[in-house]
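Let the hints inform the model, and build the full structure from the sequences given.
Protein sequences appear in the order of chains U and H.
Just so it is clear: in the first sequence, position 187 is 187 by full-length UniProt numbering, and no numbers are missing.
Just so it is clear: in the second sequence, position 90 is 90 by full-length UniProt numbering, and no numbers are missing.
Misleading hints may appear alongside valid ones.
[Said to hold, decoys possible] Think about it this way: if two alpha-carbon atoms lie no more than 25 Å apart in a straight line, the pair counts; the simulated SDA-like pairs of lysine to any residue are:
(1) H/K109 / U/K4
(2) U/K48 / H/I125
(3) H/K171 / U/D168
(4) H/K171 / H/D157
(5) H/K114 / U/I45
(6) H/K197 / U/G8
(7) U/K67 / H/Q64
(8) U/K67 / H/T75
(9) H/K80 / U/D168
(10) U/K4 / U/G115
(11) U/K147 / H/E34
(12) H/K80 / U/I45
(13) H/K80 / U/A82
(14) H/K196 / U/E116
(15) U/K156 / U/G8
(16) H/K85 / U/K156
[As the list claims (entries may be wrong)] Pairwise CB distance ranges, derived in the manner of DEER restraints:
(17) U/E194 / H/A158: 27 to 35 Å
(18) U/K67 / H/A33: 22 to 30 Å
(19) H/K114 / U/A76: 50 to 58 Å
(20) H/T17 / U/R39: 25 to 33 Å
(21) U/E194 / H/D20: 51 to 59 Å
(22) U/E116 / H/D87: 37 to 45 Å
(23) U/G8 / H/K196: 22 to 30 Å
(24) U/E172 / H/D20: 45 to 53 Å
(25) U/C43 / H/K114: 49 to 57 Å
(26) U/E9 / H/A158: 35 to 43 Å
(27) H/E34 / U/K156: 45 to 53 Å
(28) U/H112 / H/A26: 20 to 28 Å
(29) H/D20 / U/E52: 16 to 24 Å
(30) U/T188 / H/T17: 29 to 37 Å
Keep in mind that the hints were calculated from the coordinates and are not lab data.
Predicted model, so just to flag it, every value in this text is computed and none were measured.
Ideal placement from N, C-alpha and C gives every residue a C-beta, glycine not left out.
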Amino acid sequence: MMIKSHPGEGLLYQYASGDLSAAMTLVVGTHIDMCKACRQTVCEIEQKLCEENLDTLVSVASTTMSKSQCDQMLEAIFASSACNKQAHQPNEILSLEGRRFTLPRTLAHNSHRIGEWSKLVGKLWRAPLTLDNGNQTNLIYMAPGAKLPEHTHKGKEATLVIDGVFNDEQSEYRDGDFILLDPSRTHTPETQDEDCLTLATLDAPLHFTSGISRLLNPFSQLFFR
Amino acid sequence: MQMVSERTSNRGSMATTQTDAAEKAAELLAKIAENRNRAAFSELFRLFAPKLQSYATRQFGNEQTAMDLVQETMTNVWHKAHLFKPDRGSPSTWIFTIARNIRFDLLRKNKKRKDDISADELWPILSEQNDSLDDGYALDHDVLMQEISFYYAQLPDAQRVVIEKIYIEGKSQQEVSDALGVPLGTIKSRTRLALKKLKELIVDDD
Ligand SMILES: [Zn+2]
Numbered sequence: 001m002m003i004k005s006h007p008g009e010g011l012l013y014q015y016a017s018g019d020l021s022a023a024m025t026l027v028v029g030t031h032i033d034m035c036k037a038c039r040q041t042v043c044e045i046e047q048k049l050c051e052e053n054l055d056t057l058v059s060v061a062s063t064t065m066s067k068s069q070c071d072q073m074l075e076a077i078f079a080s081s082a083c084n085k086q087a088h089q090p091n092e093i094l095s096l097e098g099r100r101f102t103l104p105r106t107l108a109h110n111s112h113r114i115g116e117w118s119k120l121v122g123k124l125w126r127a128p129l130t131l132d133n134g135n136q137t138n139l140i141y142m143a144p145g146a147k148l149p150e151h152t153h154k155g156k157e158a159t160l161v162i163d164g165v166f167n168d169e170q171s172e173y174r175d176g177d178f179i180l181l182d183p184s185r186t187h188t189p190e191t192q193d194e195d196c197l198t199l200a201t202l203d204a205p206l207h208f209t210s211g212i213s214r215l216l217n218p219f220s221q222l223f224f225r
Numbered sequence: 001m002q003m004v005s006e007r008t009s010n011r012g013s014m015a016t017t018q019t020d021a022a023e024k025a026a027e028l029l030a031k032i033a034e035n036r037n038r039a040a041f042s043e044l045f046r047l048f049a050p051k052l053q054s055y056a057t058r059q060f061g062n063e064q065t066a067m068d069l070v071q072e073t074m075t076n077v078w079h080k081a082h083l084f085k086p087d088r089g090s091p092s093t094w095i096f097t098i099a100r101n102i103r104f105d106l107l108r109k110n111k112k113r114k115d116d117i118s119a120d121e122l123w124p125i126l127s128e129q130n131d132s133l134d135d136g137y138a139l140d141h142d143v144l145m146q147e148i149s150f151y152y153a154q155l156p157d158a159q160r161v162v163i164e165k166i167y168i169e170g171k172s173q174q175e176v177s178d179a180l181g182v183p184l185g186t187i188k189s190r191t192r193l194a195l196k197k198l199k200e201l202i203v204d205d206d
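Shown next, in the form of structure tokens:
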């Protein structure tokens, strides 16, 4: 299946440099697990970053390590023990409502961070991912015929389709599609006959815009939390 | 520590030098992986420590943090050399991605809480698990979707109906009022009470 919606090259650069937030790194990284083209691009970017940052030695004369510093560090390294702090086994199967989903690698490695699923109104389920302070990253499951009230975002929202299909006013999104929405765009995600599992992260709470749904804005903070 | 051999203004010969350097580094990594060869590691260390130090100094502007990055990166190289896959890229790119991960963690060190995510979890390049990326994602469409009790099934009927009409059918409160023949003020208060109740239910469950 062709993935048609990818992170921009700028975002891939920031991903490869380690300059994105943990949440955005997780979402972009999961897309890369699913997308051969972006995986290739990231390989090339990493190579380029390495050439710029490592292969080309920019001498910072005052800080060059002395021989004794080198020897000291070598000794410390040989004395160190391999820290196999792999406390959490990756679990790539996600079961929800009798459905089984196979999680892409990065997500599988973080399966222990997936919290309890909550059934929300409107055929929607949410499970928060505990990454670090202040993050708002969730797995969202939309059953067939689910609809989110129209909303805009106070910050950028990144959504990745893990499995299934949903659509908004602009387009239809399937497995692997990565959608980055800026604050100016309103949209109304919905599912039709199929269900959809997505990974979503948000800089700021959702802001519902359509008519009376605005009354529901306090609820959005619960939803994307 | 002398690094002059790799510095040259001629791009062509620099590329050749880098290919040679890459082969050399790959050889050293293989030796380290094979029998924990300390001499090989020391040689690799002398090749990469100054580069890492220069990278880290530019990133952090702090000599001590830079040294921490060098040490942590090279410690990983020492213990994880067997995870380097020559067919996936050059040794220096592999070492760079390790350094990138260490940098990610060092930048968050002060704010970090115990359970916060670490770079190794985000870029599992040093995972011992042999998980291939090319297997694709099998779906299991055959398993039936089961309905279980919804949170909002726990709401009083009068509130649940209002919430369903607003959230699922996308109706406005006025439309719900008209459809149910209930005053708008009552719909509003039912919505408010239902949301309050839902919050309680969801928060309790977390
Ligand atoms: Zn892609």
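### Query
Within a Cα-Cα threshold of 25 Å, do H/K109 and U/K4 meet the stated pairing?
Violated. H/K109 to U/K4 sits at ~37 Å, over the 25 Å cutoff.
#### Entry: Outcome of range test on Cβ distance (U/E9, H/A158; 35 to 43 Å)
violated, 53 Å
### Query
Between U/K67 and H/A33, does the beta-carbon spacing fit 22 to 30 Å?
Distance hint for U/K67, H/A33 holds at roughly 27 Å.
### Task
Measure nothing beyond the straight line between the CA atoms of U/K48 and H/I125; if it is 25 Å or shorter, mark the hint as holding.
Roughly 18 Å between the alpha carbons, so the hint for U/K48 and H/I125 holds.
### Message
Given a hint of 27 to 35 Å, does the C-beta separation of U/E194 and H/A158 actually sit inside it?
### Response
For H/A158 against U/E194, whose Cβ atoms are near 33 Å apart, the range 27 to 35 Å holds.
### Task
Take a look at whether the Cβ-Cβ distance between H/K114 and U/A76 falls inside 50 to 58 Å.
Since the Cβ atoms of H/K114 and U/A76 sit about 25 Å apart, the hinted range of 50 to 58 Å is violated.
### Query
Under the criterion that the straight-line Cα-Cα distance not exceed 25 Å, is the pair H/K171, H/D157 satisfied?
holds, 17 Å
### 29 to 37 Å as the expected CB spacing between H/T17 and U/T188, which holds or is violated
About 57 Å separates the Cβ atoms of U/T188 and H/T17, which means 29 to 37 Å is violated.
### Query
Under the criterion that the straight-line Cα-Cα distance not exceed 25 Å, is the pair U/K156, U/G8 satisfied?
holds, 14 Å
### H/K85 paired with U/K156 [C-alpha distance capped at 25 Å]
violated, 36 Å
### Query
Between H/K80 and U/D168, does the CA-CA distance stay at or below 25 Å?
violated, 45 Å
### Message
For a C-alpha distance cap of 25 Å, please report whether H/K80 and U/A82 respect it.
### Response
holds, 8 Å
The earlier numbered hints that this structure contradicts are 1, 5, 6, 9, 10, 11, 16, 19, 23, 25, 26, 28, 30.
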